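Participant: Spelled out, the chains give:
2 protein chains.
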Amino acid sequence: MRLTIVGCGSRGSKLAEAADKMMEVKRIYLVDEDKARAEALAATVNKAEVVEDVEEELYHCDLVIECATQAAARQVIPKVVARGVDIMIMSVGALVDDDFREAVTEKAKMCDSKIYIPSGAICGTDGLRASTVGEVQQVELITIMPPVSFEGVKYVEDRGIDLKSIKDKTILYTGTAREAVQLFPRNVNVAAIVSIMGIGFDRTMVTIGVDPDIKTNYHELKIKGEFGDLCTHTYNVPSPINPKTSNLSVFSAIAALERIVKNQWVGI
Amino acid sequence: MRLTIVGCGSRGSKLAEAADKMMEVKRIYLVDEDKARAEALAATVNKAEVVEDVEEELYHCDLVIECATQAAARQVIPKVVARGVDIMIMSVGALVDDDFREAVTEKAKMCDSKIYIPSGAICGTDGLRASTVGEVQQVELITIMPPVSFEGVKYVEDRGIDLKSIKDKTILYTGTAREAVQLFPRNVNVAAIVSIMGIGFDRTMVTIGVDPDIKTNYHELKIKGEFGDLCTHTYNVPSPINPKTSNLSVFSAIAALERIVKNQWVGI
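Sequence lines, in order, name chains F and B.
The opening position of the first sequence corresponds to residue 7 in my numbering, with each subsequent residue numbered one higher.
The opening position of the second sequence corresponds to residue 7 in my numbering, with each subsequent residue numbered one higher.
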């Protein structure tokens with residue numbers, strides 16, 4: 007199996023290192039708009055080589071792993087699926103736009119390309135997917151982060167919220183996932199994963215808050231439906247290399263890659 | 007795609023009905039040791055026909071869904087994987103035996119057969135699988151059920167525990183998953199799913215208790231590792247058709263089947 011990794015930041019690097027150890031992976035093509043960064047990574051990964059762009063490699067590779075930015079994802083996804091190549095998407099926020107998501111999903115179906123979305127920084131997407139087979143009354147995502155995580159967020163600035171003066175756990179926002187992903191760019195991926203795997207952006211409710219006492223990024227997922235109830239709590243340690251990413255998010259992508267390359271589907 | 011469903015009880019019936027509505031499913035072969043039961047189901051499912059045994063249909067079908075018993079699963083799984091046919095296993099307890107599990111996993115790999123295990127009556131297996139990419143310090147499963155669920159369980163009888171006289175939440179057992187699956191046949195599947203997807207039967211700790219006040223089957227999954235911490239709570243409504251099965255368990259299998267037949271892997 008040959009992979010193309012788009013984006014050689016902390017997530018791309020971890021994935022390339024993990025893929026390098028997988029016997030079934032023969033070649034790893036690396037792409038980054040900063041070519042020096044791709045070259046620095048290639049120097050430490052045996053099976054890797056730097057390539058100019060993704061399109062060229064679509065004739066050679068079996069799976070593209072997007073771990074760049076939403077903007078890059080929006081460009082890359084349509085080209086990959088149209089070529090019938092499978093893709094794993096890390097910048098899931100790129101799929102928030104309904105027309106775009108439906109178009110690429112449809113195209114992927116037509117061209118026999120598979121779209122993989124790892125569970126990311128949250129847990130319980132297994133129960134979420136299963137719950138939607140029956141009636142679902144409620145899906146709620148609650149995200150609590152340290153105040154520093156919201157510095158520079160327009161919604162916070164517009165309301166004149168002084169993050170440094172917050173002493174207790176404080177809710178900043180409650181509303182639909184569709185609105186939340188627009189207002190809180192730091193939470194787009196988790197809210198998008200939950201919405202896509204569950205009951206959509208308009209029925210999924212999102213609450214976002216800050217807590218000066220927590221050290222981790224906390225996500226709570228609550229579901230009520232015909233199956234019963236479930237609630238999950240995930241406390242994510244930020245990645246030591248890039249504090250904007252959590253370890254679990256990268257681990258879930260590596261676990262997914264392991265499954266794909268080994269064609270072993272114990273657990274689904 | 008052609009399916010063979012082994013076992014036409016409540017789970018097999020629900021799966022057959024769901025599969026009947028999936029455009030991609032062309033034919034559903036039904037097997038049951040009670041042939042009249044298979045025939046009764048076939049009468050209500052358009053694409054279904056009753057067959058004598060699984061082996062015969064392995065030349066025609068793409069996926070076998072085992073929803074019979076552990077004993078049936080032990081017989082069927084090796085034959086299916088050796089033929090290179092994919093299999094979804096519901097009686098996951100059949101995989102508790104290390105030698106058996108390793109042999110069929112190895113055989114499946116050799117013969118390019120995929121083994122699917124749905125998340126079943128629990129949630130958080132997505133986070134569990136991801137967590138094992140890093141170091142994991144602790145995986146704990148806590149199961150609390152109404153006392154009536156443990157009637158006839160040898161472990162309870164041997165200790166002279168009078169289930170009817172229990173007034174408060176009471177812990178019956180704490181130990182390894184390996185021991186728990188032997189002592190508590192009602193909890194085999196969930197404990198096996200968690201052990202197989204996580205850190206194995208010897209490192210997964212299981213606590214089993216009763217609570218006269220709960221109406222649902224409760225499972226709690228706690229994980230601590232390099233990624234951080236997570237905890238999930240699942241309150242399962244028993245299936246109205248067969249109270250020994252929970253709705254979520256059947257839903258997770260239908261969700262998995264949907265994914266497989268559509269070859270759509272949004273979410274992994």
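It is worth saying that the hints were derived from the structure and are not from the lab.
Misleading hints may appear alongside valid ones.
Pairs involving identical chains hold if they fit within one copy or between any two copies, as the list cannot separate such chains.
Calculated lysine to aspartate or glutamate pairs in the EDC-like style (CA-CA distance at most 16 Å, straight line) [as the list claims (entries may be wrong)]:
(1) K32 - D68
(2) K175 - E226
(3) K115 - E264
(4) K173 - E264
(5) K27 - E112
(6) K32 - E45
(7) K230 - E141
(8) K113 - E163
(9) K85 - D59
(10) K41 - E58
(11) K53 - D26
(12) K173 - D217
(13) K268 - D118
(14) K175 - D219
(15) K268 - E112
(16) K221 - E232
(17) K27 - D103
(18) K32 - E146
Please read these numbers as outputs of a predicted model, since none were measured by experiment.
Participant: The structure should be examined with respect to each hint, and the outcome stated for every one.
Facilitator: Against the structure, the hints come out as follows:
1. K32 - D68: within (11 Å within a copy, 28 Å between copies)
2. K175 - E226: This pair counts as within: shortest intra-copy Cα distance 15 Å, inter-copy 26 Å.
3. K115 - E264: between (23 Å within a copy, 14 Å between copies)
4. K173 - E264: Neither: 43 Å inside a chain and 47 Å across chains, both beyond 16 Å.
5. K27 - E112: This pair counts as neither: shortest intra-copy Cα distance 34 Å, inter-copy 20 Å.
6. K32 - E45: The answer is neither: 18 Å in one copy and 49 Å across copies each exceed 16 Å.
7. K230 - E141: Result: close within a single copy only, 9 Å intra versus 32 Å inter.
8. K113 - E163: neither (40 Å within a copy, 59 Å between copies)
9. K85 - D59: Classified as within: same-chain Cα gap 12 Å, cross-chain 46 Å, threshold 16 Å.
10. K41 - E58: Only inside one copy: K41 and E58 sit 8 Å apart there, 62 Å across copies, limit 16 Å.
11. K53 - D26: within (6 Å within a copy, 45 Å between copies)
12. K173 - D217: within (8 Å within a copy, 39 Å between copies)
13. K268 - D118: Only across copies: K268 and D118 sit 10 Å apart there, 19 Å inside one copy, limit 16 Å.
14. K175 - D219: within (8 Å within a copy, 33 Å between copies)
15. K268 - E112: Classified as between; 12 Å across copies, 26 Å inside a copy.
16. K221 - E232: between (35 Å within a copy, 14 Å between copies)
17. K27 - D103: neither (36 Å within a copy, 29 Å between copies)
18. K32 - E146: neither (42 Å within a copy, 37 Å between copies)
Violated hints for the displayed structure, listed by number in ascending order: 4, 5, 6, 8, 17 and 18.
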